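Residue numbering for the sequence shown follows the UniProt record's numbering, starting at 1 and increasing by one per position.
A few of these clues could be false.
Said to hold, decoys possible - Here are the computed lysine-lysine pairs in the DSBU-like style, where the Cα-Cα straight-line distance is at most 30 Å:
| # | residue 1 | residue 2 |
| --- | --- | --- |
| 1 | Lys199 | Lys3 |
| 2 | Lys38 | Lys3 |
| 3 | Lys123 | Lys199 |
Rather than coming from a laboratory, the hints here were simulated on the basis of the structure.
Quick caveat, the model's predicted, so the values are computed rather than measured.
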Amino acid sequence: MDKLIAELQRLYLLDDQECFPAGTLTPQMLAQHLGGEKTGAINLVSDNGLVRAMIVDFNRMGDAPALQHWDRLCGVANALQDQLSLPAPAVSISGGNGYSLWLSLATPVPLNQAQQFLHLLRKTYFPDIQNEEIGLRPDTLTSTTAELPPCLHMASGTWAAFINPGMGASFADESGLEMMPPYAAQAAFLEGLQSISDKQFTHAITTMHPPHGKERAHKPAAPAAHVAPAGLLLKDATLEDIIQHLHAKNIEPTFRHMIPKDSVF
Numbered sequence: 001m002d003k004l005i006a007e008l009q010r011l012y013l014l015d016d017q018e019c020f021p022a023g024t025l026t027p028q029m030l031a032q033h034l035g036g037e038k039t040g041a042i043n044l045v046s047d048n049g050l051v052r053a054m055i056v057d058f059n060r061m062g063d064a065p066a067l068q069h070w071d072r073l074c075g076v077a078n079a080l081q082d083q084l085s086l087p088a089p090a091v092s093i094s095g096g097n098g099y100s101l102w103l104s105l106a107t108p109v110p111l112n113q114a115q116q117f118l119h120l121l122r123k124t125y126f127p128d129i130q131n132e133e134i135g136l137r138p139d140t141l142t143s144t145t146a147e148l149p150p151c152l153h154m155a156s157g158t159w160a161a162f163i164n165p166g167m168g169a170s171f172a173d174e175s176g177l178e179m180m181p182p183y184a185a186q187a188a189f190l191e192g193l194q195s196i197s198d199k200q201f202t203h204a205i206t207t208m209h210p211p212h213g214k215e216r217a218h219k220p221a222a223p224a225a226h227v228a229p230a231g232l233l234l235k236d237a238t239l240e241d242i243i244q245h246l247h248a249k250n251i252e253p254t255f256r257h258m259i260p261k262d263s264v265f
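When you get a sec, could you build the whole thing from the sequences and use the hints?
Set out below in C-alpha cells:
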C-alpha cells in the first residue's frame, strides 16, 4: 500500500488535502479508503482555490451502444497526447457506470484556469456530447470532489480502480471490480505516468484557444478498432502483454475476477 499511496500523492493529492465528510485527509483515513473500510471523497480544490487533479468522466447511458463511452474516452485521451502534447492520463473504472481520465498537474493552478482548460477541452473535442454523458471535475460547486481509486463504490458494492488502457473495452458492461484490486498492480499503472508541466499546460490552452487569426486544434478522428498511433495511451494490448509487463516489475497479477467471461481480445 505504501507504494500506491506514494504514487497517488505524487500525481493527485494536494498538501493538507481535504476529504469529505471527515476533514483533512490523514494517512490512516487514506489507508481505510484504499482498503474499502470507509470511502471518502477528496476535494479537488484547496482552501486557497488551487487545483492539481482534473477529471473527465465518460458515463454510459442506458440506451447507448455498449462501447460508445469507451470510444469517446479513447478519442479524447489520444487527442490529449497527439494534438495537445500532454502526458498520458490515468484511466479508471468508476465502480458505477463508466470510465474516467485523470489528469495530473505538476504545479497546482487556480480553479478558474482548471475550469477554462476543461471547458476548452469539451468545446474543442466533444461539443456534441450531452451533459449527462460527460462529467468535468472540478467544474461547478457541486462537482469539485472525487473518490480516489482504488476504492469501494458504496452504491454498487464493486470497486473503482485504475486500469491498463489496453483492457478498457472489457469493462464496457461492468464498470467495477468484484474484488479489491492488488495494491502493487494499481501502483504499477501509475508509476510510469507524468504530471502536466506548466509549459505543457499553457501550450495546451493556447492550442485550443489560440490568439485571434491563428488556427485552432482539429477535432480528433474517431478511434479505429484495434489501431492507435504509436506511443499513445490506448495502443492495443493483449492480456499476455499486460501480464508480462507486470511480471517485469516483479508483480504477480490476479486479474481473473476482473475480466468478463465473454470478453474478446
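Evaluated hints:
Pair hint lysine 199 plus lysine 3 holds up; C-alpha atoms about 28 Å apart against a cutoff of 30 Å. Simply put, lysine 38 and lysine 3 have alpha-carbon atoms about 20 Å apart, close enough for the 30 Å limit, and the pair holds. The hinted pair formed by lysine 123 and lysine 199 meets the criterion: a straight-line CA distance of about 22 Å does not exceed 30 Å.
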